[in-house]
Amino acid sequence: MRILLPTVQNYYKERSWPKIEVLNLAANSIYGMFPSSVGNMTSLVNLDLFFNDIEGGIPSPIGYLCNLKSLNMFGISTWLHANWVLRFQRGEGSGVLGLLKCNYIRSTTKSTQGYVDLSSNLFGEAIPLPVVEIELLELSNNQFSGTIPTNIGQVLPDLIFFSLSHNHITGEIPASIGDMLLLQVLDLSSNNLTGEIPPNLQYCSYMKVLDLDSNNFYGTIPSSFGQLSQLQSLHLSNNRLSGELPPSLQSLTTLKTLDLGNNHFFGNIPLWIGEKLSSLKILRLSLPPNITGFKAMLRVQNAIEYRFFGKYRGVYYEESLIVTTKGQTQRYTEALSLVTSIDLSGNHFHGDFPEAITKLRGLVVLNTSRNHFSGHIPSAIAELHELSSFDISSNEISGVIPSSMSSMSYLSYLNLSNNNFSGKIPFEGQMTTFDASAFSGNLRLCGPPLSTKCDGTASDKGGTTEVDFTDNWFYLSMGLGFVLGLLVPLAIFAIKRPWSDAYFGFMDKILEKPLH
14 MRILLPTVQN
24 YYKERSWPKI
34 EVLNLAANSI
44 YGMFPSSVGN
54 MTSLVNLDLF
64 FNDIEGGIPS
74 PIGYLCNLKS
84 LNMFGISTWL
94 HANWVLRFQR
104 GEGSGVLGLL
114 KCNYIRSTTK
124 STQGYVDLSS
134 NLFGEAIPLP
144 VVEIELLELS
154 NNQFSGTIPT
164 NIGQVLPDLI
174 FFSLSHNHIT
184 GEIPASIGDM
194 LLLQVLDLSS
204 NNLTGEIPPN
214 LQYCSYMKVL
224 DLDSNNFYGT
234 IPSSFGQLSQ
244 LQSLHLSNNR
254 LSGELPPSLQ
264 SLTTLKTLDL
274 GNNHFFGNIP
284 LWIGEKLSSL
294 KILRLSLPPN
304 ITGFKAMLRV
314 QNAIEYRFFG
324 KYRGVYYEES
334 LIVTTKGQTQ
344 RYTEALSLVT
354 SIDLSGNHFH
364 GDFPEAITKL
374 RGLVVLNTSR
384 NHFSGHIPSA
394 IAELHELSSF
404 DISSNEISGV
414 IPSSMSSMSY
424 LSYLNLSNNN
434 FSGKIPFEGQ
444 MTTFDASAFS
454 GNLRLCGPPL
464 STKCDGTASD
474 KGGTTEVDFT
484 DNWFYLSMGL
494 GFVLGLLVPL
504 AIFAIKRPWS
514 DAYFGFMDKI
524 LEKPLH
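Be aware that the sequence shown starts at 14, since it is given in this note's numbering, and climbs by one per residue.
Simulated from the structure, these hints should not be mistaken for laboratory data. One or more hints might be untrue.
[As the list claims (entries may be wrong)] Straight-line distance between alpha carbons at most 30 Å, and here's what the computed DSSO-like set of lysine-lysine pairs gives:
| # | residue 1 | residue 2 |
| --- | --- | --- |
| 1 | 437 | 372 |
| 2 | 372 | 466 |
| 3 | 372 | 221 |
| 4 | 437 | 466 |
| 5 | 289 | 221 |
[What the hints assert, rightly or not] Label pairs and their in silico Cβ distance ranges:
| # | residue 1 | residue 2 | range |
| --- | --- | --- | --- |
| 6 | 291 | 55 | 52 to 60 Å |
| 7 | 212 | 277 | 18 to 26 Å |
| 8 | 423 | 209 | 22 to 30 Å |
| 9 | 288 | 442 | 34 to 42 Å |
| 10 | 283 | 168 | 14 to 22 Å |
| 11 | 266 | 449 | 41 to 49 Å |
| 12 | 194 | 232 | 22 to 30 Å |
| 13 | 277 | 168 | 33 to 41 Å |
| 14 | 255 | 413 | 36 to 44 Å |
| 15 | 283 | 167 | 34 to 42 Å |
| 16 | 255 | 437 | 42 to 50 Å |
Since the structure is predicted, the reported quantities are computational estimates derived from the model, not experimental observations. The beta-carbon is built from N, C-alpha and C at its ideal position, and this holds for glycine as well.
Starting from the given sequences, assemble the full structure and let the hints guide the process.
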């Protein structure tokens with residue numbers, strides 16, 4: 014049976030519920046507008062509307078339920094009024110009552126502050142700021158618009174987790190965020206923010222994750238970022254940042270992810286990236302000469318690392334990164350810590366294929382496609398036992414394909430197309446799992462799975478090889494020389510009769526001398 018909410022609202026008006034503390038209407042077929050009369054239930058502690066068909070706005074009276082500790086609205090299509098604020102009572106000893114990602118709101122005493130999670134809904138208009146002190150504010154995947162309140166750092170000074178990703182936020186990052194001295198995660202990715210990145214973020218000295226990906230920031234990377242000594246993930250890709258990388262970044266020895274792709278940086282890639290950033294696992298940038306300094310890529314990863322924050326063991330930052338692997342663009346989230354990846358695709362990098370890369374034994378994804386790399390693939394590439402995706406297509410790599418690659422048992426995606434490889438494909442072992450498309454565009458390659466044969470016999474689609482062509486001309490010239498050596502003198506003697514008589518007379522005298 015489906016229940017119309019206006020009926021429920023009239024039911025609330027006719028009766029007084031001063032002592033009811035828990036109202037659980039989860040997973041029913043309730044539909045209609047959110048009843049404002051619920052605000053009359055002044056003793057309500059727990060309100061659960063999980064998975065119903067409620068629509069419209071959350072009425073302001075809900076914010077005045079002074080004893081409310083838990084509000085679960087996961088799976089309903091509501092939105093917030095611009096003047097809607099959270100005024101929930103601080104309850105002594107309140108525990109975590111909601112599930113992860115369930116749009117759960119909680120507030121407790123100052124000694125055990127709570128969190129607000131309104132993620133993955135259709136909430137829109139202005140950004141709501143709770144009037145109680147909280148530590149985690151999760152507002153991602155909604156339709157919030159407007160600017161970040163300029164006083165957010167003063168209103169929520171104790172935040173350790175703040176996410177506004179995947180909304181429609183505009184304007185600049187307010188300088189007051191630098192007043193959040195305990196902040197560990199700041200995720201403002203996938204919005205319409207602009208301006209320069211404020212340098213006073215350096216005062217967030219406990220920062221572990223800074224994600225400003227996919228916005229419209231411009232200017233340079235603040236040199237003050239070098240003061241963020243605990244930073245583990247820095248995402249600045251898909252912006253309009255420019256300039257050179259500040260040398261101060263070499264102080265970020267705990268950095269695991271450095272994503273600076275799709276910006277306008279210039280200058281040389283500094284050597285210290287390969288020498289100082291020993292914890293780096295994910296890099297979206299050009300390779301420095303000394304890449305063996307990436308010690309975290311030298312090890313095989315064997316555990317997923319969840320980043321928990323404070324006493325909230327059920328709340329963690331779920332890092333995500335777009336990685337081009339196995340010919341597809343994929344977004345890694347939970348398993349990202351298992352991926353050690355180097356993606357240099359679609360740039361103008363040149364020079365020899367870096368042999369030192371074969372020392373990164375924990376490497377899982379290597380993509381250098383669509384560049385101008387030359388040289389050859391070292392046979393030591395087979396030492397990358399964890400490599401599952403290897404794409405060096407559309408470069409200028411030459412030489413033979415190392416036979417050692419047939420032993421790379423984890424390799425499930427290979428693309429060597431559109432290069433200058435030559436010789437016979439080592440079609441055995443793991444190499445037999447790849448079709449002709451992995452080797453196409455290399456005119457001097459032969460053997461299966463290509464249709465071009467290596468024995469000098471032209472195939473339907475290919476011609477003879479250069480070696481076979483040279484050998485054929487050699488034998489042909491020898492035959493022609495032998496024939497011409499016989500025919501030319503005979504032709505002369507037939508034309509010049511006196512020459513013929515003189516020649517044969519001379520030969521008769523020579524043959525007769527031994528007889529006398």
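Going down the list of hints, with the structure as the test:
About 26 Å separates the Cα atoms of residue 437 and residue 372, which keeps this hinted pair within 30 Å; it holds. Proposed proximity of residue 372 and residue 466 is contradicted: the alpha carbons are some 35 Å apart, above 30 Å. Using a Cα cut-off of 30 Å, the hinted pair residue 372 and residue 221 holds, with the two alpha carbons roughly 28 Å apart. With a C-alpha separation of about 9 Å, the suggested pairing of residue 437 with residue 466 holds against the 30 Å cut-off.
For the given pair, residue 289 sits about 18 Å from residue 221 by alpha-carbon distance, which is consistent with the 30 Å threshold. Between residue 291 and residue 55 the Cβ separation comes to about 58 Å, which falls inside the hinted range of 52 to 60 Å. Under the hint 18 to 26 Å, the C-beta atoms of residue 212 and residue 277, about 19 Å apart, fit the expected range. In this structure, residue 423 and residue 209 break the distance hint of 22 to 30 Å, their C-beta atoms being roughly 44 Å apart.
Range check, residue 288 to residue 442: about 36 Å between beta-carbon atoms, so the 34 to 42 Å window is met. Separated by about 39 Å at the C-beta atoms, residue 283 and residue 168 break the suggested range of 14 to 22 Å. For residue 266 paired with residue 449, a C-beta distance near 46 Å keeps the hint of 41 to 49 Å intact. Here the CB-CB span from residue 194 to residue 232 is close to 24 Å, well matched to the stated 22 to 30 Å.
Hint check: residue 277 to residue 168, Cβ distance near 35 Å, so the stated range 33 to 41 Å holds. At about 42 Å, the CB distance of residue 255 to residue 413 agrees with the hint of 36 to 44 Å. In this structure, residue 283 and residue 167 meet the distance hint of 34 to 42 Å, their C-beta atoms being roughly 38 Å apart. One distance hint, 42 to 50 Å for the beta-carbon pair residue 255 and residue 437, holds here, with the actual separation near 47 Å.
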